[in-house]
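S.K.: Go by the hints and put chain Y onto chain W.
If you're matching them up, the sequences are chains W and Y in order.
Going by the working numbering, the first residue of the first sequence is number 1, and it counts up by one from there.
Going by the working numbering, the first residue of the second sequence is number 1001, and it counts up by one from there.
Be aware that one or more of the hints could be misleading.
Unchecked claim - When the alpha-carbon atoms are kept at most 30 Å apart in a straight line, the in silico DSSO-like pairs for lysine-lysine are as follows:
(1) W:K49 with W:K101
(2) Y:K1068 with Y:K1078
(3) Y:K1078 with Y:K1024
(4) W:K49 with W:K113
(5) Y:K1024 with W:K113
(6) W:K49 with W:K69
(7) W:K49 with Y:K1024
(8) W:K101 with Y:K1078
(9) Y:K1068 with W:K113
Calculated directly from the structure, the hints in this document are not laboratory data.
Next come the chains, spelled out residue by residue.
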Amino acid sequence: AQSVTQLDSQVPVFEEAPVELRCNYSSSVSVYLFWYVQYPNQGLQLLLKYLSGSTLVESINGFEAEFNKSQTSFHLRKPSVHISDTAEYFCAVSTNTGGFKTIFGAGTRLFVKA
Amino acid sequence: DAGVIQSPRHEVTEMGQEVTLRCKPISGHDYLFWYRQTMMRGLELLIYFNNNVPIDDSGMPEDRFSAKMPNASFSTLKIQPSEPRDSAVYFCASSPPNRGRGDTQYFGPGTRLTVL
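The following block holds chain W by itself, in its conformation from the complex (with noise of 0.2 Å):
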């Protein structure tokens, strides 16, 4: 079975500050990795995935993740965060067998000030 880990519950930090949100997983088979943004009052949306390749992946809005297998981590950075860009964060993983299931992690929620 996966499961994912988040290891901060909340991150406070500076605009303009660089930010890593913390992410590990188990799984025995191969991954597929994913963050989700939920900003207040609405509904996850995807923010980026990891399904093959290039480990590095990045967002539209400055966000990357790198897929570390040997870490078995997926962790998100922003290297200058903006005011916007509080919200939770959700860090997910999926695999290519049994049921087509998408386990989340717990969230972090980031807290830019000013």
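M.R.: Chain Y only, in chain W's frame:
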């Protein structure tokens, strides 16, 4: 595309009452998921459908919960009778035909349920 549509957006009811949440997935998507989100338990998958057929309902908390998908464009999640511990935000999500299990899920705006 209008995205995934959920109704109502907010529901306040009294303990013991029946509650029905509704979802219209994105046209062409053949996977539909129901999730529940609470502060204590985070995001939980309740049930998912493929081509209108329930595939995995192991996350449904108890017999008070039931879900149906009578056609490709409509699904309901029913709680009868409702209890205060059912208070949560319920999300519906849909996903396009599965080509390798790496497909994105598209979430609706959620229904905030409060059971008094």
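S.K.: Next, verify each hint and record whether it holds.
M.R.: Results for each hint:
1. W:K49 with W:K101: Holds, at roughly 15 Å.
2. Y:K1068 with Y:K1078: Holds, at roughly 8 Å.
3. Y:K1078 with Y:K1024: Since the Cα atoms of K1078 of chain Y and K1024 of chain Y sit roughly 15 Å apart, the hinted pair holds (cutoff 30 Å).
4. W:K49 with W:K113: 27 Å, holds
5. Y:K1024 with W:K113: Roughly 37 Å between the alpha carbons, so the hint for K1024 of chain Y and K113 of chain W is violated.
6. W:K49 with W:K69: 15 Å, holds
7. W:K49 with Y:K1024: 25 Å, holds
8. W:K101 with Y:K1078: 22 Å, holds
9. Y:K1068 with W:K113: Between K1068 of chain Y and K113 of chain W the Cα gap is close to 44 Å, so the pair fails against 30 Å, i.e. violated.
The structure fails to meet hints 5, 9 from the earlier list, while all remaining hints are met.
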